[in-house]
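Student: Chains as they are written, first to last, in numbering that gives the first Met the number 0: chain B, 0 to 623; chain V, 0 to 623.
Since the hints were made in silico from the structure, they are not lab data. Backbone N, C-alpha and C fix where the C-beta goes; we use that ideal spot for every residue, glycine too. Some clues are possibly wrong.
To be verified - Covered stretches of chain V, going by a simulated chain B footprint (3 or more residues, C-beta under 8 Å):
hint	segment
1	8 to 18
2	136 to 145
3	272 to 282
4	370 to 380
5	557 to 569
6	615 to 621
Protein chains: 2
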Amino acid sequence: MGKILRVDLSTGKITYESLPEKIAKEWIGGRGLGVYLAFKEIDPKVDPFSAMNKAYVVTGPLTGVNGIPAPGRWVSVTKSPLTYTIHDSNSGGDFGHGLKTAGFDAIAIEGASETPVYLFVHDGKAEIRDARHLWGKDVHTTTDLIIEELRKELGDDAEKVKVAAIGPAGENLVRFAAIMNDKNRAAGRGGHGAVWGSKKLKAIAVYGHETPKIADMGKFREVIVEMMDKLKKNPTTAGGLLKYGTAVLVNIINSAGIFPTRNFQTGVFPDAEKISGEVLADTLMDWEKQKTEICWGCPMGCARYTVVKDSPWTGEGGGPEYETIWAFGAQQGNANLKAIAKANFLCNELGLDTISMGNTIGCLMELVEKGKIPPEKLRGLKAKWGTPEAAVELVWRTAYRSGIGDELAEGSYRLAKKYGAPELSMSVRMQELPAYDPRGAQGHGLAYATSNRGGCHVRAYLIAPEILGIPQKVDRFATKGKAELVKEFQDVTAITDSLVICLFTQLAPIWVEDYPGMLEGVTGFKYTPDELRKIGEKIWNLERAFNVLSYGDGREYDTLPPRLLNEPMPEGPTKGHVVRLNEMLDEYYKVRGWKDGRPTRAKLEELGLRWVADLLEQENLLPE
Amino acid sequence: MGKILRVDLSTGKITYESLPEKIAKEWIGGRGLGVYLAFKEIDPKVDPFSAMNKAYVVTGPLTGVNGIPAPGRWVSVTKSPLTYTIHDSNSGGDFGHGLKTAGFDAIAIEGASETPVYLFVHDGKAEIRDARHLWGKDVHTTTDLIIEELRKELGDDAEKVKVAAIGPAGENLVRFAAIMNDKNRAAGRGGHGAVWGSKKLKAIAVYGHETPKIADMGKFREVIVEMMDKLKKNPTTAGGLLKYGTAVLVNIINSAGIFPTRNFQTGVFPDAEKISGEVLADTLMDWEKQKTEICWGCPMGCARYTVVKDSPWTGEGGGPEYETIWAFGAQQGNANLKAIAKANFLCNELGLDTISMGNTIGCLMELVEKGKIPPEKLRGLKAKWGTPEAAVELVWRTAYRSGIGDELAEGSYRLAKKYGAPELSMSVRMQELPAYDPRGAQGHGLAYATSNRGGCHVRAYLIAPEILGIPQKVDRFATKGKAELVKEFQDVTAITDSLVICLFTQLAPIWVEDYPGMLEGVTGFKYTPDELRKIGEKIWNLERAFNVLSYGDGREYDTLPPRLLNEPMPEGPTKGHVVRLNEMLDEYYKVRGWKDGRPTRAKLEELGLRWVADLLEQENLLPE
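Work out the full structure: start from the sequences and follow the hints.
Tutor: Take a look at the structure:
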């Protein structure tokens, strides 16, 4: 079965554990396995920056399996310093595949080192190495230096080393610092980079020669042909993402009037066209380098590589994706695509989540607009709508906690609260919302509000049915039936993230009915789609239970920024709408078998989680 | 007599010493005293970043004496990590005066702390305090936080606390990191901030109630009236500096064809007018805040405070001075004054010497122009002449050693040498040259070449006689007589820096003939002008002897970048000229009584420095 590497950074002790087959079957891998390990091993009340927090790096049974659609991703799990929830964040690139070749399915990182270290994981072994010389270095330099120093041991094979690293933002405990791998790929959300920083873990380098075993080659071949067929038939997965990247969404979402503009003051950005995927493809793309950015084994190739040759923002690097374009674009009232790309390059180098960074800058701009920020705090910087030059400076300041950046580094919620206006933080559970205004996508609003890891579009991408018509179109303004739909998406996506395969496969659509074949082919384990749904539901309930134990999660947290609930969209195709959350929430609790946002004993026992019910009961957190 | 505070950061031991009257009389104070202490106590071969290096904070007998012209300055002395010479750097503001009120004439800092600390010096005592919470913070935040935390002890009197601090650049051992005091004033040159950083000394805060004693009030009153008269009669010191700041020089120096442009490729910058003091005064100045920036007790008021309200570079803060305008302007082919101001604000906040920073960026631009830098090093950044946006980014990168900034942080010489073109570093003794092309000011060229602290305009400001006609005009292209003149300026300026009073008093002109009166009035010590000249010469010789012991200083270091010696100025009023250094250097050694750039026993004994001659002889470094 699978192998888990356990590293205690406080003591330097390294142990190698076998993953029991029962656990692997029960929790699949990736997010499911990570969440299970985190729940079992992390005290939910722990300070996320204390040495008692733990961080997991997890692959899934399909990670690194050549032929599986988009199997290059890996998952980080920890208790988040941004949300105080249990939190998983996944990332593409080559690192996940690299970890498998190094001989491990997962790494559990415990304790905290006194001095900076990195982990070198190779061919079934691991070493803790000194990283004092890497501390303070940006992500790109760190990656290059690690590969260079391994060249002495590995020769040209060092090129095969894959590195996940934190930048200065992680070191400086920015609450939304990312873990970056392969330079430009981010396990972005939730501040996992800051958890590594608190442990003085600068990087993990992986290298090896293992290849995943295929349990049933006949079954496997049959299934992957079928999956590839699906991907080839859908225009988005068969070419749209390659040509335009995720930014193909800019015009689509703006046309629906839900492209959040100026900190969600409206859903229509008049200059959306200027920052669209189409313009990006025509202007800034470096197509040669783009090829090298595509995730390992991915047939879709949404990754971008761009070059800004003139303007005040020259540079080059990975991105920008749709979310980044929005966060540094419409969210800030900025239509300068070059500046957006530049901000993205810097976030990659410094190790910042672009969504939280851009959203938080937009929040600052509204705080400034509303006169909430004492002018001396800004040292003359004009942080107004449509001033991308200020945004670029604020990226530097945040990563290094310089001046006002020290407050942005806390995230939009803590920032806005400090200045007496928490309602101006566009966040759920203190995590910044992404690039869809839910007033025009009611189900998506429910998905935001109930997300276990805080404001997020990839727990249940209701934009697919509500806007894109995948797998079929549903009325985006209706609330009826959305609770069931959100639950289906949440539970299935928990499995997608556990396999691990890329979420974009859902667009094909490759759905839970397609998973048993892939799993059986690779692992030999047999599941029905409904068994997998049940495991997804179990993961979802376990996450929620952690949050209940952490800070008493429940109905009061299953909500949205008041603007989205009370201020009708002022214009455009979504004009007049708010999120009618109350119409959906009770129904959601009903379909979840929850009471007021908390799992009941009946539900937990049905899912085989009696031990979790007992824990909640001990803390008087189990609903009556 | 005076009091010296000695702090050993390795052991935490604090001792209070009396300054023997003999030493005070012999070395005056300020630079003279600092150089004497440094020579006695620092092994000249020490690594400047080792705990064995020491750092001195020194005031002079005239520091903080109300009525003395421009007595607000203080001096830092150490072995420089940029030049490996003995190095003094002085700074204005209120801190020097503050140190006197705290009851000390000097602080000797030894050893290195394991964790960040700051020093609180108050009313004749000192404490080492924890500064872990300040590490990583920029200069302005650090200053504010220290004053805020002292408010708990001192109440509103905390407003009287003066702080000298390093920024991230000092922490990151940037070789030209400054010590900043009162937020915007810099002991800028030579990387003293990095020495503090290597000792984990984040700041020194001073506070107290002592006032300097006046030995002879009658004499004192008579003398200061006379000095004020001189300052009032000269248009520059009586109003020119207040109105236009030091930037009044931009047009003057450009008109002489010696305004170094594009890394000293020419001496004429066609856009000089756009970055002149006159334009600065008309556009960016905040005259209300300027008043609060003027150094303690200064009647001239050259300090600037500027606000950039639009452009990509919004911000506000201290500066820019002439040197900064040049370094980020003509040196980089940039005519955007707003961008220059912005770069200045950032250098102040991050703790960087603007001259070395701007000069080094210009050097990078020429290295790029000449194809010396592999493109991938720049990550797409277009560092070309006239791209101030790149310059602003490079300030961030240098302070934090991010990407190419890690190499800029080593200074222009090490940068250019690494890429195979040391001749493109416009430096002397590895310290970047300032804003005068010496091809049109031969004496100034000799002053650069022979400067004991490396490329510098304030060891002997020959621009005064050669360009400004102060105290009288001399032929700037002539070499004859320049050796004597340079020696006179070097020796007298060593006293100016030891008193300590501002160098600009020399423009009045207040010269060595005026010093005995001031000294007698304040201290009661009697000197003749020639006795003071001799002390200046002694300081100069002691500095040179340190350098000889450090790295074998001598003739080979008394030189200029080959461009200035071999490439005739291509255009303008200085067209066709090079620095005819050889015509002056032998004469200089003759008037100094040196041989090949090294003090002889005869000269050293004449100056009462037999013990220094013995030291040199032991090391076989005394000329035959």
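Student: Would you check chain B against the segment 557 to 569 of chain V, counting CB to CB pairs closer than 8 Å, and say if three or more residues qualify?
Tutor: violated (count 0)
Student: State whether the coverage of the segment 8 to 18 of chain V by chain B holds or is violated, taking the criterion as 3 or more residues with Cβ-Cβ distances under 8 Å.
Tutor: Coverage by chain B is violated here, the residue count being 0 at a Cβ distance below 8 Å.
Student: Using C-beta distances, would you say chain B covers the segment 615 to 621 of chain V, given that this needs three or more residues below 8 Å?
Tutor: violated (count 0)
Student: Please verify the coverage claim for the segment 272 to 282 of chain V: does it have three or more residues whose C-beta sits within 8 Å of some C-beta in chain B?
Tutor: Answer violated; 0 residues pass the 8 Å Cβ test.
Student: Please verify the coverage claim for the segment 370 to 380 of chain V: does it have three or more residues whose C-beta sits within 8 Å of some C-beta in chain B?
Tutor: holds (count 3)
Student: Under 8 Å between beta-carbons, do enough residues of the segment 136 to 145 of chain V, three at least, approach chain B for the coverage claim to hold?
Tutor: holds (count 4)
Hint compliance for this structure: hints 1, 3, 5, 6 are broken, all remaining hints hold.
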